[in-house]
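Quick note, the sequence shown lines up with residues 0 to 92 if you use numbering that gives the first Met the number 0.
Wrong hints could be hidden among the right ones.
[As the list claims (entries may be wrong)] Cβ-Cβ distance ranges computed for the label pairs, FRET-style:
1. G14 x C82: 27 to 33 Å
2. R31 x N11: 19 to 25 Å
3. D29 x R3: 15 to 21 Å
4. G14 x R78: 18 to 24 Å
5. R3 x N84: 28 to 34 Å
6. G47 x E77: 15 to 21 Å
7. S85 x C13: 28 to 34 Å
No lab work stands behind these hints: they were computed from the structure.
Ideal Cβ placement from N, Cα and C applies to all residues, glycine included.
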Amino acid sequence: MRTRKVGFGTLNACGGINNKIDDVYELMKDRRMDVLCVNDTKMKDSGGATKHGFLESYWSGVEQCQRRCRSVGSILSERLHECVNSYSYAPDM
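Construct the entire structure; sequences and hints are all you get.
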């Protein structure tokens with residue numbers, strides 16, 4: 000069995016990720032991260048997946064009528080994204 004290292008990190012987006020997304024992707028590339036968990040993304044809608052170059056991001060947001068908070072996401076490298084068959088985020092408890 001062959002094993003490989005997986006780079007893992009966490010990030011508080013502090014006020015949203017939309018205007019920082021290119022910097023976040025560059026950070027992952029520079030630090031050779033395979034998984035980055037992001038909180039405080041300030042995303043709206045129920046969630047989605049977005050491809051950016053060799054990275055794939057999955058996120059869960061809030062309804063359009065709600066204040067943008069509590070949203071989270073994860074960004075995967077290409078080699079780990081290829082292993083994803085499906086995804087879902089649990090609703091707020």
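We went through each hint and held it up to the structure:
The supplied range of 27 to 33 Å is met by G14 and C82, whose beta-carbon atoms lie about 31 Å from each other. Checked against the hint of 19 to 25 Å, the C-beta distance between R31 and N11 comes to roughly 21 Å, which is consistent with it. In this structure the supplied range 15 to 21 Å holds for D29 paired with R3, their Cβ-Cβ distance being about 19 Å. Range check, G14 to R78: Cβ separation about 30 Å, and the 18 to 24 Å hint is violated.
For R3 paired with N84, a C-beta distance near 20 Å fails the hint of 28 to 34 Å. As the Cβ distance of G47 to E77 is approximately 18 Å, the hint placing it in 15 to 21 Å holds. In this structure the supplied range 28 to 34 Å holds for S85 paired with C13, their Cβ-Cβ distance being about 30 Å.
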